[in-house]
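Chemist: For the record, the sequence lines run as chains F and E.
So this note's numbering is basically just the index in the first sequence, starting at one, shifted up by 9.
So this note's numbering is basically just the index in the second sequence, starting at one, shifted up by 3.
Hints were generated in silico from the structure; no laboratory data involved.
Among the clues, some could well be false.
Simulated restraints, written as ranges between beta carbons of each label pair [to be verified]:
1) F:255 <-> E:49: 52 to 58 Å
2) E:48 <-> F:91: 39 to 45 Å
3) F:505 <-> E:69: 33 to 39 Å
4) F:461 <-> E:62: 27 to 33 Å
5) F:498 <-> E:74: 49 to 55 Å
6) F:148 <-> E:74: 54 to 60 Å
7) F:319 <-> E:62: 45 to 51 Å
Simulated crosslink set (DSBU-like; lysine-lysine; CA at most 35 Å straight-line) [what the hints assert, rightly or not]:
8) F:260 <-> F:61
9) E:47 <-> E:69
10) F:420 <-> F:169
11) F:296 <-> F:259
12) F:89 <-> F:61
13) F:420 <-> E:69
14) F:89 <-> F:478
15) F:61 <-> F:331
16) F:506 <-> F:296
17) E:69 <-> F:506
18) F:420 <-> F:507
19) E:69 <-> F:331
20) F:396 <-> E:47
21) F:507 <-> E:47
22) F:493 <-> F:506
23) F:506 <-> E:47
24) F:259 <-> F:454
25) F:260 <-> F:322
26) F:69 <-> E:47
27) F:370 <-> E:47
28) E:47 <-> F:331
29) F:420 <-> F:331
30) F:89 <-> F:256
31) F:300 <-> F:82
32) E:47 <-> F:493
33) F:493 <-> F:370
34) F:420 <-> F:506
35) F:300 <-> F:331
36) E:69 <-> F:454
37) F:300 <-> E:47
38) F:506 <-> F:160
39) F:169 <-> F:506
40) F:478 <-> F:296
Beta carbons are placed, not taken as given, at the ideal position from N, Cα and C, and that holds for glycine.
As a plain string of letters, each chain reads:
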Amino acid sequence: MTVLNRLDWYDIARNTNWTPKYVSDQELFPEELTCAFGLAAEAFEEYDEPYKTTYPEYVKIQREKDAGAYSVKAALERSKIYETASPGWLAVLKSHFGAIARGEYSASSAECRMVRFGRAPGMRNMATFGMMDEIRHSQIQLFFPHQYVSKDRQFDWAFKAYDTNEWAMLAARHFFDDMMVTRGAVGVGLMLTFAFETGFTNMQFLGLAADAAEAGDWSFSSLISSIQTDESRHAQIGGPLVQILVKNGKKAEAQRLIDISIWRAWKLFSILTGPAMDYYTPLEHRKQSFKEFMQEWIVGQFERSLLELGLDKPWYWDNFLKEIDEQHHGMHLGVWFWRPTVWWNPAAGVSPAERQWLEEKYPGWNETWGHCWDVITENALEGNMAKTLPETLPVVCNMCQLPINYTPGPKWTMRDFPLTYAGRDYHFCSEGCRWVFEQEPGRYKDHQSLVDRFLDGQIQPPDLGGALKYMSLAPGEMGDDALKFAWVEEVRAERLKKAS
Amino acid sequence: MALFPLTSNFQEDFVLQLVAVDTENNMDEVAAAAAVHSVGRRVKARPGVLRVRRQGASEPFARDLKVADAGLRPMECVEIYWEGSTANLREPRH
Chain F
10 MTVLNRLDWY DIARNTNWTP KYVSDQELFP EELTCAFGLA AEAFEEYDEP
60 YKTTYPEYVK IQREKDAGAY SVKAALERSK IYETASPGWL AVLKSHFGAI
110 ARGEYSASSA ECRMVRFGRA PGMRNMATFG MMDEIRHSQI QLFFPHQYVS
160 KDRQFDWAFK AYDTNEWAML AARHFFDDMM VTRGAVGVGL MLTFAFETGF
210 TNMQFLGLAA DAAEAGDWSF SSLISSIQTD ESRHAQIGGP LVQILVKNGK
260 KAEAQRLIDI SIWRAWKLFS ILTGPAMDYY TPLEHRKQSF KEFMQEWIVG
310 QFERSLLELG LDKPWYWDNF LKEIDEQHHG MHLGVWFWRP TVWWNPAAGV
360 SPAERQWLEE KYPGWNETWG HCWDVITENA LEGNMAKTLP ETLPVVCNMC
410 QLPINYTPGP KWTMRDFPLT YAGRDYHFCS EGCRWVFEQE PGRYKDHQSL
460 VDRFLDGQIQ PPDLGGALKY MSLAPGEMGD DALKFAWVEE VRAERLKKAS
Chain E
4 MALFPLTSNF QEDFVLQLVA VDTENNMDEV AAAAAVHSVG RRVKARPGVL
54 RVRRQGASEP FARDLKVADA GLRPMECVEI YWEGSTANLR EPRH
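The following block holds chain F by itself, in its conformation from the complex (with noise of 0.2 Å):
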């Protein structure tokens, strides 16, 4: 029997615009959900998108991706990657999955949105078959650190992760529900799909799956690398969007959504992203900087498809690319010294091989985040533990969640961005979350940061403890440095040598 040809027949078989006859066009897409902006229909019905494909050749497709991927796996399971792998590797894999797996089902929910409520064919199209990616994310994501549950607990977090109130995940928790879980379809497409997939999944996806491979991890390597092929083509359900809103005169409404995701991204990736870049990962597996990539994937191809599509770069564009510069070492930092509250083992990445390294590819390390890691290095060579650990919590941002830092040293430039809004005040780490904030009060307003909670009674005893108790992280599952200070010897040894 002759087939067709999928461009013969796709267009009929994808209009499934219907006239409602039962109920009005209102109700049956509430601008609550479509959240079109006012848009009739019509507006919507020059959606093309880019990427076309068919449930056939989605299921085709897909069915080869896992098989490379789970048959990589299979392949490797005696390779022992779990004990051979550098401590510092382990940290990536950890974090990488507990803030991301769970955070891939949730996205399926927001695709769900944007198949009932997408005003285009072609963007419920789309969305059916990211709904089904993000579906196969959360799955893969869970099924693989599964392996090494029975070795190392903190594995468990993968799935654990999502449903604590451990601080990190409070703040991938946060961001993803206001952009993807709360957001009308429009909203999703251009906050999920336009701003977070098309400008910073590259980052998490293509960037470690390049320090995965170097690092001898296939298995690793390949997971991400088939996912990251899945998100560059659902990513795409954002673009015509923004040229539709462009063209119907709701640039400002499209820019304002995209310009918050793309700030709120860039504050987690900052945390999530930065210190396996240039921390965790061992030094002579890393590729590129953080910042060289956040410079080739965000500044240079993202700011271009912005331009390309007739928006504008963001109006704090210039402070974004100064964070760059800094940001990532504050909340490595951060991390690190408050250890016990996360659920990987950090690697501090200071011996002085990585000094030097950090000091290459950020000239000015050593004056700033350096002056910081000289006390907490001078501590550990004296034995001096309990000084390497905090004793009070640092202040977290009302918007990202994460807490607020910035360059140390004699530059000295860290500040609070306050609020004071219906009587509350709020602590903001820039001007960014702050605007963030200021956009919809009324979204962000009755949310409690941990400090919040902590102030308000809610952690008890007020003590680490109790905070480690109500962060759900229970003996066995708490951070400590990834290499048990061997570090620090590296650091012995080098002035000993010196001296002699």
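Got chain F sorted already, so can you dock chain E onto it with the hints?
Modeler: Okay, now just chain E, sitting in the frame of chain F:
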């Protein structure tokens, strides 16, 4: 007497921290409480007097001023710095 939470921005440190003080504490005591969490942990100790000022203020609070009389709001950010250091000239980012 009552517990009073403040946000400590300690000179040359990298992170804002929660510091619990008492409304009867004077500013020298506030500075000492903040120093516990920064000096010797991530900031090198140095001689000199620590002063406390409101974020953005050019002048510090008087050393014997009590927290209760300073007009601070709970969790307000205060800067703790060594008197006479160049921190007086700092220009916060953005």
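Chemist: Has the given pair, residue 69 of chain E with residue 331 of chain F, been kept, meaning a C-alpha gap of at most 35 Å?
Modeler: Measuring from Cα to Cα gives roughly 39 Å; hence the hint is violated.
Chemist: For a C-alpha distance cap of 35 Å, please report whether residue 300 of chain F and residue 47 of chain E respect it.
Modeler: Measuring from Cα to Cα gives roughly 28 Å; hence the hint holds.
Chemist: Is 45 to 51 Å a correct range for the gap between the Cβ atoms of residue 319 of chain F and residue 62 of chain E?
Modeler: Cβ of residue 319 of chain F to Cβ of residue 62 of chain E: about 50 Å, so the range 45 to 51 Å holds.
Chemist: Holds or violated: are the alpha carbons of residue 47 of chain E and residue 69 of chain E at most 35 Å from each other?
Modeler: holds (27 Å)
Chemist: When you check the alpha-carbon spacing of residue 370 of chain F and residue 47 of chain E, does it fall within 35 Å?
Modeler: holds (25 Å)
Chemist: Holds or violated: are the alpha carbons of residue 420 of chain F and residue 506 of chain F at most 35 Å from each other?
Modeler: With Cα atoms ~32 Å apart, residue 420 of chain F and residue 506 of chain F stay inside 35 Å; holds.
Chemist: Does the structure keep residue 300 of chain F and residue 82 of chain F at a Cα separation of 35 Å or less?
Modeler: Holds, at about 31 Å.
Chemist: Hey, residue 420 of chain F versus residue 331 of chain F, does the alpha-carbon distance stay inside 35 Å?
Modeler: holds (14 Å)
Chemist: Take a quick look at whether residue 61 of chain F and residue 331 of chain F sit within 35 Å of each other, Cα to Cα.
Modeler: violated (39 Å)
Chemist: Between residue 505 of chain F and residue 69 of chain E, does the beta-carbon spacing fit 33 to 39 Å?
Modeler: At roughly 51 Å between Cβ atoms, residue 69 of chain E and residue 505 of chain F fall outside 33 to 39 Å, so the hint is violated.
Chemist: If you draw a straight line from the CA of residue 396 of chain F to the CA of residue 47 of chain E, is it 35 Å or shorter?
Modeler: holds (12 Å)
Chemist: Would you mind confirming whether the straight-line C-alpha gap from residue 69 of chain F to residue 47 of chain E stays at or under 35 Å?
Modeler: Violated: residue 69 of chain F and residue 47 of chain E sit about 61 Å apart, past 35 Å.
Comparing the model with each earlier hint shows violations of hints 3, 10, 11, 12, 15, 17, 19, 26, 30, 38, 39 and 40; every other hint is respected.
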